[in-house]
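S.K.: Sequence:
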Amino acid sequence: MLESLDPFQQLLLGVTSVGVLMILLVIFLTASPNFENTDRLKKILDFFEKKN
1 MLESLDPFQQ LLLGVTSVGV LMILLVIFLT ASPNFENTDR LKKILDFFEK KN
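Numbering (UniProt numbering), first residue to last: 1 to 52.
These aren't lab readings, by the way, just hints derived from the structure by calculation. All C-beta atoms in this analysis are idealised placements derived from N, C-alpha and C, irrespective of residue type, glycine included. Certain hints may be false.
[Claimed, not checked] Simulated restraints, written as ranges between beta carbons of each label pair: (1) Leu45 x Glu3: 47 to 53 Å; (2) Gln10 x Lys42: 35 to 41 Å; (3) Leu29 x Pro7: 31 to 37 Å.
My request is simple: use the sequences and hints to build the entire structure.
M.R.: Given below as structure tokens:
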């Protein structure tokens with residue numbers, strides 16, 4: 001099936017499938033009960049707010 005596609009179409013299909021897998025992985029991981037948002041930017045901003 002993939003042999004009948006152009007190389008560019010094969011590349012596009014591969015990149016799209018990897019992107020969909022990553023999106024599904026993020027949805028799966030954030031839905032788990034042990035998920036905790038450890039946002040580094042938020043921690044840094046909170047640190048500077050406490051300093052002042």
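S.K.: Going through the numbered hints above, which ones does this structure break? Give me the numbers in ascending order.
M.R.: The structure conflicts with no hint, since it agrees with every one listed earlier.
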